[in-house]
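Chemist: Chains as they are written, first to last, in the numbering used here: chain A, 2 to 283; chain B, 774 to 1059.
A hint or two may mislead.
Unchecked claim - Stretch-level coverage of chain A by chain B, calculated; a stretch enters the list once three of its residues show a Cβ under 8 Å from a Cβ in chain B: (1) 91-100; (2) 147-156; (3) 213-225; (4) 255-265.
Unchecked claim - Listed below are several chain A residues computed to face chain B (Cβ distance under 10 Å; list not exhaustive): (5) Ile17; (6) Met36; (7) Tyr48; (8) Pro51; (9) Gln121; (10) Phe239.
Said to hold, decoys possible - Computed far set for chain B versus chain A, every beta-carbon distance over 12 Å: (11) Asp809; (12) Phe814; (13) Phe820; (14) Leu824; (15) Ala828; (16) Thr829; (17) Ile837; (18) Val848; (19) Arg869; (20) Gly906; (21) Ile907; (22) Gly918; (23) Pro923; (24) Ile979; (25) Ala981; (26) Trp989.
These are computed hints drawn from the structure, not numbers from a lab.
Positions of the beta carbon are idealized from the N, C-alpha and C atoms, including for glycine.
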Amino acid sequence: MSDASTLKRTGLPLPITIIGAVIVVLICLFPFMWMGVSSIKTLPELYTVPPIWWPETPTLGNYYKVLFESNIPRYFLNSVIISVGSTFLALILAIFASYGFARFDFRGKPLLQSFVLIGQLLPTAAIIVPLFITLRVLGLVNTYWGLILVYMIITLPLSVWMLTSYFKAIPVELEEAAIIDGSSRLGILFRITLPLSTPGIVAVIVYAFVTTWNEFVFALCFATDSSVKTLPIGLAEFSTEFNTDWGAVMAASVVMTLPIAMLFFSMQRLFVGGLTAGATKG
Amino acid sequence: MDRNSTGLVFVLPALIVLAMLIAYPVAYTGLLSVTDRQGAFVGLTNFKAVLSARATPQAFWNTIWFVGGSIVFQVILGTATAILLNQNFIGRGIVRSITLIPWVVPGIVAATTWAWMFHTEFGIINYMMTGSGIIPEPIGWLTNGNTVMPVLIAINVWKLFPFVAIMVLAGLQSIPNDLYEAARVDGANFWQEVRFIMIPQVRSVIVAVTLLLVIWGLNSITIIYAITRGGPANRTLITPIQIFRLAFESTQFNQAAALSVIFFAVALVIVIIYIRALASTPGEAK
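Given these sequences and hints, build the entire structure.
Modeler: Okay, structure coming up:
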């Protein structure tokens, strides 16, 4: 419960706040404006000195090239499958692991917690070769499951870390009351702890999805067949070292950015508004 | 209820997955680093070869420079943005979401878009800077050895300062109003509130976020690899990219493994020092 009248603060002078906000917005958005403008320019308009701000003959040719004459649509589907799969798997594993870490004491807990954190620490380039061999033994190279599993390395440690702190922030008394009432541990987890940690869960989902959608290095090494390649690899294919079709690259960038921006904006209220609010303030 | 085993059961599935994907490859990397192509034990030969390579110390300093430079600006800009976005103004919600966009977009998109903007001939940045007289003639930002690293740091800062901002903002929002009210009763102005309430209260958030930034920085390949692949003349070669190139371009898997072991050890030492330093500082909010 918050009382609006107590929220008034001395704060920054309004003009400074507005100017600062405008600068922040410009810095964050300008590259995307330029990306969008470049994506509808024709070739001669892209390569002019000085650059032109708005094309005289806007064209959708670059988008046509990306959507109908390239593998991008297929890569898009691959990215969706892999990101959804690994996000779901990471969330399930993280919920249980975080609850175990937040609510129980057991032998070796500090050690196991640092083991999880070290996973986040590993130089990704360092384990690619052995990972590749592992995946080949399991028959998972160039499969959806291969990338979904491998992405646990990057999503799981931080997800566990985030959720553990959310679970810890929930008053233990709530759970003790439920235990006295005869609830099982699982019942408590799903009926009390999880609903109170919705912002934390959303944060984990958004984090895991965004991270896997954007991942580049593992995808480059473990998904070399076009049936499983993801969007970042597709984008890299457009720009070879010597000849880059910048119009198509910018159009592909727009195609790749839009869904994740939309997902993010739809989740933003939950994600930003209540990042820590939910359980602690109630 | 046996609390010991129950906790372990909850934790176990995640641990098994991580052990399979981390412990085994790490052990295998260790094995690769002391053997040759045929799998015969060769002692420290690979380590010697890697350490005597001219690129290794250069990549090491480049990594320190890239990670350190990025983090300083990410934390400062992120915290400043968080304080700004904690103010009351119309459209604050929209500005908050917009701020997050650089963090959300794929690294490869950020890399290609900025590479296009920094293009020597057709790039908008050279155009704007020459047009406004900041620089007399176009600069080859990404081909000039003196500008390429600062440019990459700037791109990396742009990409990740929103993450700092959102985490610090969350910390700011959880500061109880009583603190501000007490300060206001004492006649504190805005900057005193920043200094004596906001910064101390979000200190633990900043500390945690910085640790993450260190780790991410040591892992970052995408932006540099997509824009320069470590060039020109190894000016932006950082150790992760050196490992990647050793393994997949020179196919020196064993030397790459040796370098990985060294890199991992150094990274671990840095993180342990950081955590120790934190543990010894008083006043850590729990």
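Chemist: So, for every hint listed, does it hold in this structure?
Modeler: For each hint, the structure was consulted:
1. 91-100: holds (count 5)
2. 147-156: Per the Cβ count (4), the hint holds.
3. 213-225: holds (count 5)
4. 255-265: Three-residue rule met by the region 255-265 of chain A, so holds; n is 5.
5. Ile17: holds, 9 Å
6. Met36: holds, 5 Å
7. Tyr48: holds, 6 Å
8. Pro51: Since chain B brings a Cβ to about 5 Å from A:Pro51, closer than 10 Å, the hint holds.
9. Gln121: Holds - the Cβ of A:Gln121 comes within 10 Å of chain B, reaching about 6 Å at its closest.
10. Phe239: holds, 8 Å
11. Asp809: holds, 14 Å
12. Phe814: holds, 18 Å
13. Phe820: holds, 14 Å
14. Leu824: Holds: least Cβ distance 16 Å, greater than 12 Å.
15. Ala828: The claim holds: B:Ala828 sits with its nearest Cβ about 14 Å from chain A, beyond 12 Å.
16. Thr829: Nearest chain A Cβ is 14 Å from B:Thr829, so the label holds.
17. Ile837: holds, 14 Å
18. Val848: Nearest chain A Cβ is 16 Å from B:Val848, so the label holds.
19. Arg869: About 5 Å separates B:Arg869 from the closest Cβ of chain A, which leaves it inside 12 Å; violated.
20. Gly906: holds, 14 Å
21. Ile907: Non-interface label on B:Ile907 holds, nearest chain A Cβ at 15 Å vs cutoff 12 Å.
22. Gly918: holds, 19 Å
23. Pro923: holds, 16 Å
24. Ile979: holds, 14 Å
25. Ala981: violated, 9 Å
26. Trp989: Not fine: 9 Å to the nearest Cβ puts B:Trp989 too close to chain A.
Against the hints set out earlier in the document, violations occur for numbers 19, 25, 26.
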